[in-house]
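Residue numbers (UniProt numbering), protein chains in the order written: chain A, 1 to 322; chain B, 1 to 742.
The reader is advised that the hints may include incorrect statements.
Stated by the list, open to error - Derived pair list, reagent style EDC-like, types lysine to aspartate or glutamate, alpha-carbon separation capped at 20 angstroms:
id : chain 1 : residue 1 : chain 2 : residue 2
1  : B       : Lys-241   : A       : Asp-230
2  : B       : Lys-542   : A       : Asp-249
3  : B       : Lys-235   : B       : Glu-292
4  : B       : Lys-56    : B       : Glu-73
Please keep in mind that the hints were generated in silico from the structure rather than gathered at the bench.
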Amino acid sequence: MKITLAHGSGGETTRALIDQLFVRQFTNPALDSLGDCARVQGFKRLAVTTDSFVVTPLFFPGGDIGKLSVCGTVNDLAMGLAAPRYLTCGFILEEGLELDALERVAASMAKTARKAGVVVVAGDTKVVEGRGGLYINTAGVGEILADFCPMAPGDAILLSGTLGDHHAAILSSRLNVQNAIESDCAPLHVMVQRLVEGGIRVKALRDVTRGGLATILNELAGTHTLRIEDAALPVSPEVCGLSGLLGLDPLYMANEGKMVAIVDGRDADKALDLLRTSPYGERAVQIGRVTVRNEAPVVLQTALGGSRVLGVLYGEGLPRIC
Amino acid sequence: MTHSAWHITVLGVVQGVGYRPYVARLAEKLELTGWVRNEGGIVQIFAEGPKPALEKLLFELRNHPPFGAAIDEVAVQCASPKALPSFTIADSRRSDGIPLFPPDLALCADCRREVMDPGDRRYRYPFISCVACGPRYSILEELPYDRARTAMSVYAQCPECQKEYAGGGRRRHAQTLSCHQCGPQLIFETLDGRLKGEAALDALLKSLHSGGVVAIKGIGGFQLVCSPLNERAVKRLRAIKGREQKPFAVMFPDLPSVAALCSMSEAEIRLIESPARPIVLLEKREDPFSPEVAGGSRYLGVFLPYTALHLILTDKLGPLVVTSANPAGEPIWTEDGEALVYLSMLDGVAYHDRVILTPLDDSVVQVAAGAPRMVRRSRGYVPRPIFLQKTFPRPLLAMGGDLKAGFALAVGNRVYPSQYLGDMKSLNVLKNYRGALSRMERIFQIRPETAVCDLHPGYETRRLAHQMFGRVLEVQHHHAHIASIMAEYDLDEVLGVAFDGTGYGTDGTIWGGEFLLCRGSHFEREGHLQTIPICGGDEAAKNAGLALASFKHAAGLAPENPREELVQRALEGGIKTVLSSSAGRLFDAMSALLGVRDYNSYEGECAIALENLAAKTAPQDGYPLQIPLKKGDAVILDSRPLIRDARCALDRGVSPGALARGFHEALAKAIVETLIHLREKYGIRRAALGGGVFANRILMERCSALIQENGFEIYLPRQMPIHDGGIALGQAYLGLLKGMEA
Ligand SMILES: [Fe+3]
Ligand SMILES: [Mg+2]
Ligand SMILES: [Zn+2]
Ligand SMILES: [Zn+2]
Numbered sequence: 001m002k003i004t005l006a007h008g009s010g011g012e013t014t015r016a017l018i019d020q021l022f023v024r025q026f027t028n029p030a031l032d033s034l035g036d037c038a039r040v041q042g043f044k045r046l047a048v049t050t051d052s053f054v055v056t057p058l059f060f061p062g063g064d065i066g067k068l069s070v071c072g073t074v075n076d077l078a079m080g081l082a083a084p085r086y087l088t089c090g091f092i093l094e095e096g097l098e099l100d101a102l103e104r105v106a107a108s109m110a111k112t113a114r115k116a117g118v119v120v121v122a123g124d125t126k127v128v129e130g131r132g133g134l135y136i137n138t139a140g141v142g143e144i145l146a147d148f149c150p151m152a153p154g155d156a157i158l159l160s161g162t163l164g165d166h167h168a169a170i171l172s173s174r175l176n177v178q179n180a181i182e183s184d185c186a187p188l189h190v191m192v193q194r195l196v197e198g199g200i201r202v203k204a205l206r207d208v209t210r211g212g213l214a215t216i217l218n219e220l221a222g223t224h225t226l227r228i229e230d231a232a233l234p235v236s237p238e239v240c241g242l243s244g245l246l247g248l249d250p251l252y253m254a255n256e257g258k259m260v261a262i263v264d265g266r267d268a269d270k271a272l273d274l275l276r277t278s279p280y281g282e283r284a285v286q287i288g289r290v291t292v293r294n295e296a297p298v299v300l301q302t303a304l305g306g307s308r309v310l311g312v313l314y315g316e317g318l319p320r321i322c
Numbered sequence: 001m002t003h004s005a006w007h008i009t010v011l012g013v014v015q016g017v018g019y020r021p022y023v024a025r026l027a028e029k030l031e032l033t034g035w036v037r038n039e040g041g042i043v044q045i046f047a048e049g050p051k052p053a054l055e056k057l058l059f060e061l062r063n064h065p066p067f068g069a070a071i072d073e074v075a076v077q078c079a080s081p082k083a084l085p086s087f088t089i090a091d092s093r094r095s096d097g098i099p100l101f102p103p104d105l106a107l108c109a110d111c112r113r114e115v116m117d118p119g120d121r122r123y124r125y126p127f128i129s130c131v132a133c134g135p136r137y138s139i140l141e142e143l144p145y146d147r148a149r150t151a152m153s154v155y156a157q158c159p160e161c162q163k164e165y166a167g168g169g170r171r172r173h174a175q176t177l178s179c180h181q182c183g184p185q186l187i188f189e190t191l192d193g194r195l196k197g198e199a200a201l202d203a204l205l206k207s208l209h210s211g212g213v214v215a216i217k218g219i220g221g222f223q224l225v226c227s228p229l230n231e232r233a234v235k236r237l238r239a240i241k242g243r244e245q246k247p248f249a250v251m252f253p254d255l256p257s258v259a260a261l262c263s264m265s266e267a268e269i270r271l272i273e274s275p276a277r278p279i280v281l282l283e284k285r286e287d288p289f290s291p292e293v294a295g296g297s298r299y300l301g302v303f304l305p306y307t308a309l310h311l312i313l314t315d316k317l318g319p320l321v322v323t324s325a326n327p328a329g330e331p332i333w334t335e336d337g338e339a340l341v342y343l344s345m346l347d348g349v350a351y352h353d354r355v356i357l358t359p360l361d362d363s364v365v366q367v368a369a370g371a372p373r374m375v376r377r378s379r380g381y382v383p384r385p386i387f388l389q390k391t392f393p394r395p396l397l398a399m400g401g402d403l404k405a406g407f408a409l410a411v412g413n414r415v416y417p418s419q420y421l422g423d424m425k426s427l428n429v430l431k432n433y434r435g436a437l438s439r440m441e442r443i444f445q446i447r448p449e450t451a452v453c454d455l456h457p458g459y460e461t462r463r464l465a466h467q468m469f470g471r472v473l474e475v476q477h478h479h480a481h482i483a484s485i486m487a488e489y490d491l492d493e494v495l496g497v498a499f500d501g502t503g504y505g506t507d508g509t510i511w512g513g514e515f516l517l518c519r520g521s522h523f524e525r526e527g528h529l530q531t532i533p534i535c536g537g538d539e540a541a542k543n544a545g546l547a548l549a550s551f552k553h554a555a556g557l558a559p560e561n562p563r564e565e566l567v568q569r570a571l572e573g574g575i576k577t578v579l580s581s582s583a584g585r586l587f588d589a590m591s592a593l594l595g596v597r598d599y600n601s602y603e604g605e606c607a608i609a610l611e612n613l614a615a616k617t618a619p620q621d622g623y624p625l626q627i628p629l630k631k632g633d634a635v636i637l638d639s640r641p642l643i644r645d646a647r648c649a650l651d652r653g654v655s656p657g658a659l660a661r662g663f664h665e666a667l668a669k670a671i672v673e674t675l676i677h678l679r680e681k682y683g684i685r686r687a688a689l690g691g692g693v694f695a696n697r698i699l700m701e702r703c704s705a706l707i708q709e710n711g712f713e714i715y716l717p718r719q720m721p722i723h724d725g726g727i728a729l730g731q732a733y734l735g736l737l738k739g740m741e742a
């Protein structure tokens, strides 16, 4: 069965879709009451975020748009040193979407939410004309666990795992390439929680998404220079192979389950241990250091002893070389 | 006889070439009295005496300047006689005039003779110099040029040198004057220890003689040196530089030894012997060297010794590989510490304690289409300005491009281009860029008020411009290429052909095969190579396989391997894909298609290999290929049929050489046909060729021949490189024109 405009009419069909699909998947007291809003327990300091998800294809190796929409918002909260608590989700469905696909997405969302310890407390659905597409917006509320310490030269830059996996997986399915690459889409809140509990002086956190590591480091640098080492950057051989063929640079490729943590230099070893023993952090490494501001916000030390300015992503594939 | 007095002003490169002593000698010979003074780089002369003697002085000043000087103007005013008793060299004075300062000057013939003469007190002194030769810009701290304001200030002259300084000979007022006793000393350091002076020189000679690879501190930086005949040594040198393929230049002891291997024209000989002593690219006749030096290349980069140390080494050892010391992509080492870090990989480091204040690579020049063409403008040329017919209302900074970075400071009617700096992606190049800029600003007292930069959103130079200036003018890359030529020849209107690898277009696509109608500060894109989707971003500029797969896709040819299949799907999905009319990528694709080369380990490698192959085929044996023109609003040169035809011809057994030759011919013809069409449309009969693709001599020479045969006036850059190293001048010129129109 496919989604039709009737599913968005607000009448019987809509009601059936919500009851039989969404409520069944996300069941919890706050949602099940189906009021105009969810009434929930509060916390002293809140973190709030929202994100919209548009991805082709809807299902890809290692994940789907549903898992992505939960992880994305959970991670945004975690990057604010907050424990994710509640989620809302808005669906925009295009006419012609397979009901079955929607069901799978919803189930995946529910499963991911349970894993991430968040409750989906409110939702909304709209149907538009189109070609069977699906877009999701999620908003999240979290409880702030700790505060950031000010960044200083000598701080360590840690990366929780390999670069480029999500980007490469999406590309592979779009290009119909058979390989073993899977998206790394995953919730990162446990890692963050452990850092906080371990007493690590955290200076900055950021999940490595759009624009890739190079772009987010530029955003994090502030008045400092972040120096990272080429040789230290983890990239899986499969991702390396694919990106080489197409001239992609893993430094600019998106992940959905990796983060950069800048921590006090004295806490670096302990923080690495905590990351490595957390789910999704087994391959965590130190990739560089914070230094006083030099010529550029981000500098990449190459194997041959050169240093290269690492700028932000300025346009997909825009060449510079003459 | 009547006694007259003249006040003479000399403009040009007159500092650091012994100009004042030269004037004093002339005046004394003519029995004139008065004085000569350097006022911030402008020479003022007061001379009195009989009129014929004054006239003779003027004639000499105008017609026989000393070695290294370049005179632009000698102006005369009458003055009232003062009955001075003698002719004196007055102290330097600051002035508001914009100074000129000489570049570093190669060892002169007199010093050459002295250093080889066992009876001379400077026999085998590596740092010999006189008023006519020696380091200048590389050791200059500040103007006016006096020893105290150079890196020589730390060496107190011995009594003998003092006598020469005060005396009447070639070393009168020579600021770099020194000798074995009082000047910088050669140090040769190995893992075993450190030697000084004569012992150092002997050890250095011995090391090189036995196949060693050493770093030697030259004028503008360290150089890596080894024997070109020793394959193992050259391979080690390559490993240190991390340079896989790019040919090395060879320094020869003298002209006859060059003539034994390469054919030279008059113009080429003049260049090789000029005070700048650039590396000159010569066609090889014979190549006895290890193929590791320049085996695959038609050309050999050749130069003559420009310091006494170079002379002593080549005199004893014969030709030597001499290349800038630095890992590929990084700036040349100038500090002793930088070179000594590599000591364990080398057989020794030869240096001295004189500081290099400005890093300068060796310059590279070639003679093409009948005239010298700058390939890399650095030591021996910088800080010489380029004079324009127009005047900048306010001083301005042109940022240049990112890949062959080099800025230009513009003031008055002059543009001072910086030395070649390298790829701005390297942090150290970026540092040198800033360093070179603040040095040049300080030395010449230029305070730019605005900047001009490239449009490219990813260029460091653009970021820097906006960081430094509130007012920044952004100009299109290929427009700057053509404007650079307009500046040199003072053209107001020209049909510009700009062929290169990559430039950011005003429509957000990547340009690189452009026909621009340039009028004043404006341009219209009147034609270009067919725009096609190209996959791979910057990697496509290295990996010619990516360019080929993209061209095949555009030409409707089926992929021939899994990789091409993948690239075609990426192109269809728009992944890492841009629209581009690049001529550079067309050359890469052809090179890969013909199986010539499919990876650029250095810039232009595939295109150079394709040119070399074409050169081996006589023009008449070229396979006829065609680039059809589509004449709409803009002329489109359709490269797709060319790719299809070449692919077919290969299947039918046509040789890659015939196709390579045919490709160059087809491109030259299409360029000229396009120009003819544009001339009919606009009535402009002046054509300018710019962009790095024209560094290809076959293309440049075929194009200029055809263009002239068809009644055009052709303009090619002379003073600035044709590639991105030349765009700073164009940017400055566009800044000037825009300012005049505003
Ligand atoms: Fe260019
Ligand atoms: Mg997000
Ligand atoms: Zn001399
Ligand atoms: Zn002396």
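Outcome of the hint check:
A hinted pair counts as satisfied when its Cα atoms are at most 20 angstroms apart, and B:Lys-241 with A:Asp-230 qualifies at roughly 19 angstroms. Between B:Lys-542 and A:Asp-249 the alpha-carbon distance is near 14 angstroms, which keeps this suggested pair within the 20 angstroms criterion. Pair hint B:Lys-235 plus B:Glu-292 holds up; C-alpha atoms about 7 angstroms apart against a cutoff of 20 angstroms. With a C-alpha separation of about 17 angstroms, the suggested pairing of B:Lys-56 with B:Glu-73 holds against the 20 angstroms cut-off.
Of the numbered hints given earlier, the model fails none.
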